[in-house]
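Given the structure of chain A, go ahead and fit chain B with the ligands onto it with the hints provided.
These protein sequences, in sequence, are chains A and B.
full-length UniProt numbering applies: residue 1 is where the first sequence begins, and numbers increase by one.
full-length UniProt numbering applies: residue 1 is where the second sequence begins, and numbers increase by one.
Warning: the hint list may mix true and false statements.
Said to hold, decoys possible - Taking lysine-lysine pairs in the DSS-like style, the calculated list, with each CA pair at most 27 Å apart, reads:
hint, chain 1, residue 1, chain 2, residue 2
1, B, Lys457, A, Lys128
2, B, Lys267, A, Lys111
3, B, Lys457, A, Lys134
Unchecked claim - Partner residues aside, some chain A positions facing chain B, computed with beta carbon under 8 Å:
hint, residue
4, Asn86
5, Met88
6, Pro117
7, Arg119
8, Ala120
9, Met124
10, Lys128
11, Asn130
12, Phe132
13, Pro133
14, Tyr142
15, Gly143
16, His147
17, Val200
If you are wondering where the hints come from, they were derived from the structure by calculation, not from laboratory data.
All of these numbers come straight from a predicted model, not from anything done at the bench.
For glycine and all other residues, C-beta sits at the position ideal for the given N, C-alpha and C.
Given next are the chains, with one letter for each unit.
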Amino acid sequence: MNASAEAIAAKPSTVTADKLGQDQSTATTVGEITSANPRMRCREVNVWYDDNHAIKDVSLDIGQNEVISMIGPSGCGKSTFLRCLNRMNDTISTARVEGSIQLDDQEIQDKSIDVVPLRARVGMVFQKPNPFPKSIYENIAYGPRIHGLTNSRAELDELVETSLQRAGLWKEVKDRLDASGTSLSGGQQQRLCIARTLSVSPEVILMDEPCSALDPIATAIIEELIDELRAQYTIAIVTHSMQQAARVSQRTAYFHLGDLVEVGTTDDIFNQPQHKLTEDYITGRFG
Amino acid sequence: MSPTLLLFVVLAAMALAYHLGRKRAIRVVGGVSQINRLHSLPAYYGYYAALWAGLPALLLLLFWIGLQEQILTALTVAELPPEVTADLSEGRLSLLISDIRSVATGNISSGEISPEVAAAAEHYHRLEGIADLALWGLIAALVLAGTAWGWQHAKPSFRARNRVESIMMLVLILFSSIAILTTLGIVLSVLFESIRFFQKVPWTEFLFGTKWSPQIALRAEQVGASGAFGAIPLFTGTLLISFIAMLLAVPIGLLSAVYLAEYAPRKVRSWAKPVLEILAGIPTVVYGFFAALTVAPFLRGFGESVGLDIASQSALAAGLVMGIMIIPFVSSLSEDVINSVPQAMRDGSYALGATQSETIRRVIFPAALPGIVGGVLLAVSRAIGETMIVVMAAGLAANLTANPLESVTTVTVQIVTLLTGDQEFDSAKTLAAFALGLTLFVVTLILNVIALHIVRKYREQYD
Ligand SMILES: Nc1ncnc2c1ncn2[C@@H]1O[C@H](COP(=O)(O)OP(=O)(O)OP(=O)(O)O)[C@@H](O)[C@H]1O
Ligand SMILES: [Mg+2]
Chain A
1 MNASAEAIAA KPSTVTADKL GQDQSTATTV GEITSANPRM RCREVNVWYD DNHAIKDVSL
61 DIGQNEVISM IGPSGCGKST FLRCLNRMND TISTARVEGS IQLDDQEIQD KSIDVVPLRA
121 RVGMVFQKPN PFPKSIYENI AYGPRIHGLT NSRAELDELV ETSLQRAGLW KEVKDRLDAS
181 GTSLSGGQQQ RLCIARTLSV SPEVILMDEP CSALDPIATA IIEELIDELR AQYTIAIVTH
241 SMQQAARVSQ RTAYFHLGDL VEVGTTDDIF NQPQHKLTED YITGRFG
Chain B
1 MSPTLLLFVV LAAMALAYHL GRKRAIRVVG GVSQINRLHS LPAYYGYYAA LWAGLPALLL
61 LLFWIGLQEQ ILTALTVAEL PPEVTADLSE GRLSLLISDI RSVATGNISS GEISPEVAAA
121 AEHYHRLEGI ADLALWGLIA ALVLAGTAWG WQHAKPSFRA RNRVESIMML VLILFSSIAI
181 LTTLGIVLSV LFESIRFFQK VPWTEFLFGT KWSPQIALRA EQVGASGAFG AIPLFTGTLL
241 ISFIAMLLAV PIGLLSAVYL AEYAPRKVRS WAKPVLEILA GIPTVVYGFF AALTVAPFLR
301 GFGESVGLDI ASQSALAAGL VMGIMIIPFV SSLSEDVINS VPQAMRDGSY ALGATQSETI
361 RRVIFPAALP GIVGGVLLAV SRAIGETMIV VMAAGLAANL TANPLESVTT VTVQIVTLLT
421 GDQEFDSAKT LAAFALGLTL FVVTLILNVI ALHIVRKYRE QYD
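One chain only, chain A, in its complex shape (with noise of 0.2 Å):
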């Protein structure tokens, strides 16, 4: 599928193209970061993790129903970015957000909020598959069950089921529902986690690099998924696949060494970088 910049308004860019491409400093951000029906809204976010400043004044507009991929080189901070989001970030006693980050005009970054409901309704999906020690189907069923999702054991059933179709892996497991969750294979963990996100219905999910342990079949599952989603959710990505952010993407955001140095229509990013390290990147991966 093509990338579309339907969503994205013509708004000023924070920096004019005109001046670029010879300028190496990436002190601020090349082409457009907001968006037409933003429902995230970064704004001058720094993370340090002690004295490493991994995020650096990165301000971004997440967009209603649509796909944003973050990429960038290994190390470069997307992962870090990703879970400023649903501020994961807390769990890392050494990690500092300073910054604006807003859900549907609410301030998160706000100590006085309550970080649960907020994940309930950012999920996120994690670069290694981390599923539960306990058996597939209780992976599933343990978000609806925290949260009272279903009120029948039935109900719940079917949760878990469709939940285990959207990720493509009911098939594989659905004659070992019992079976552990860790003794699957890296790939399906890494689906396993995918339908554990998808259960509680988030509004918006975080993925880190969802597919990069899986073979292209189960990868075209997830892309479709992705794209099928987004009718309902707002979905940021991260890959280090230029052709999966070519493929599900509106949107793309490169980061480079804590900077998020171009973001632009997906379309823009990969046919006409504005910026040289951006453009870099892209070529060095296209060849």
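Okay, now just chain B with the ligands, sitting in the frame of chain A:
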């Protein structure tokens, strides 16, 4: 001559041999610039010479110290006039020998010194002098021969490094087998003594009998002539006290572990953990008199005020104090297990919108459960083997009861009472202690094996 002095002489000789071996290795190849012609670094030739100079001498010294006295005694006794030794019982003979020895070393002996004893002592003393000379001579010879052997081997083609490594390995094997053999020896001796006990008292009576009164009469018509060796009251007493202890230690230990591992800010943890460790470092005898002098009277007084009759040496008091002793044990083991549940599990749960307590109850706790069970089993085996607290706070009366307010006795308490004081070492009464010890050993061994198995299996899951 004192063995300590000899030891130092040998050590000095080793240092010298090291020096000689190393020097010669360097000289043989023609100086420091040529040492790459040597198979090994020069120091290894030194080590080789030192090991040869020292090890045989040290081994000889060890054996000599162990055997000298027995051999000398045997020689002295053989020299005694036949009419003196002819009709002596074993006990009187050993008395005589100790007389001879004390005279020989110049101590006061029991009673008059007969001329035979004086002569024998003289003889003993002379033998001792000879033995000392012989030891010095032998050791000197060994050291010299060893040094010469090592010195002579300091040649370029000699693989000194490999030799030294294999000698070191042998030495290590020797020491680890000492540890293993000692354990084996203890187990076997307990086993043999127990077998002797079971020849006097059938094992069925011991394991299933319900009456414990380990009195063996000296004369047939004496009161209490019929000893009873049914250990069931001891087992139930042990279990009752351990059960009370676990009832206190498991919830407190576990919950404090959860708090320390999951909730406590770094600051709290940094002082709370050392405090728990201090609790673990209190000697059990201190717990013992805490139980006997503080807790037991308090419970008794409390019982009186509410109209309960609590024995002054109740199972409850001993159990409660034992529980306090075990809390740090349970808590630190559980904390380790909880900490080893990967952070990714917590993240996965939080990302689904679970609260911290939901995460702990439904993800971390089930994941850590096998390890926690293992830790609790280790704690149980400690409670069962604990001695000092129960000796001081639990009673001696072998009551068969499940009432924690009464006084019970335990296996360990009985072992202590059976073996303290003057005892004959082949009566059923003292041998019973070995049978009890064996039972205790087997039970704790089984518990430990199961617990370690569970803990290890659990570890593998995440490694
Ligand atoms: N838990 C942590 N503690 C300390 N530093 C961290 C932690 N996690 C990440 N970092 C640091 O933050 C920087 C960004 O890491 P991050 O995981 O966000 O990179 P990434 O872009 O996701 O890389 P990759 O593509 O390899 O997943 C790195 O320099 C990393 O060393
Ligand atoms: Mg990452």
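Structure-based check of each hint:
no.: 1; hint: B/Lys457 to A/Lys128; verdict: holds (23 Å)
no.: 2; hint: B/Lys267 to A/Lys111; verdict: holds (21 Å)
no.: 3; hint: B/Lys457 to A/Lys134; verdict: holds (16 Å)
no.: 4; hint: Asn86; verdict: holds (7 Å)
no.: 5; hint: Met88; verdict: holds (6 Å)
no.: 6; hint: Pro117; verdict: holds (7 Å)
no.: 7; hint: Arg119; verdict: holds (4 Å)
no.: 8; hint: Ala120; verdict: holds (3 Å)
no.: 9; hint: Met124; verdict: holds (4 Å)
no.: 10; hint: Lys128; verdict: holds (6 Å)
no.: 11; hint: Asn130; verdict: holds (4 Å)
no.: 12; hint: Phe132; verdict: holds (5 Å)
no.: 13; hint: Pro133; verdict: holds (5 Å)
no.: 14; hint: Tyr142; verdict: holds (7 Å)
no.: 15; hint: Gly143; verdict: holds (4 Å)
no.: 16; hint: His147; verdict: holds (6 Å)
no.: 17; hint: Val200; verdict: holds (6 Å)
Going down the numbered hints, you'll see the structure goes against none, and every one checks out.
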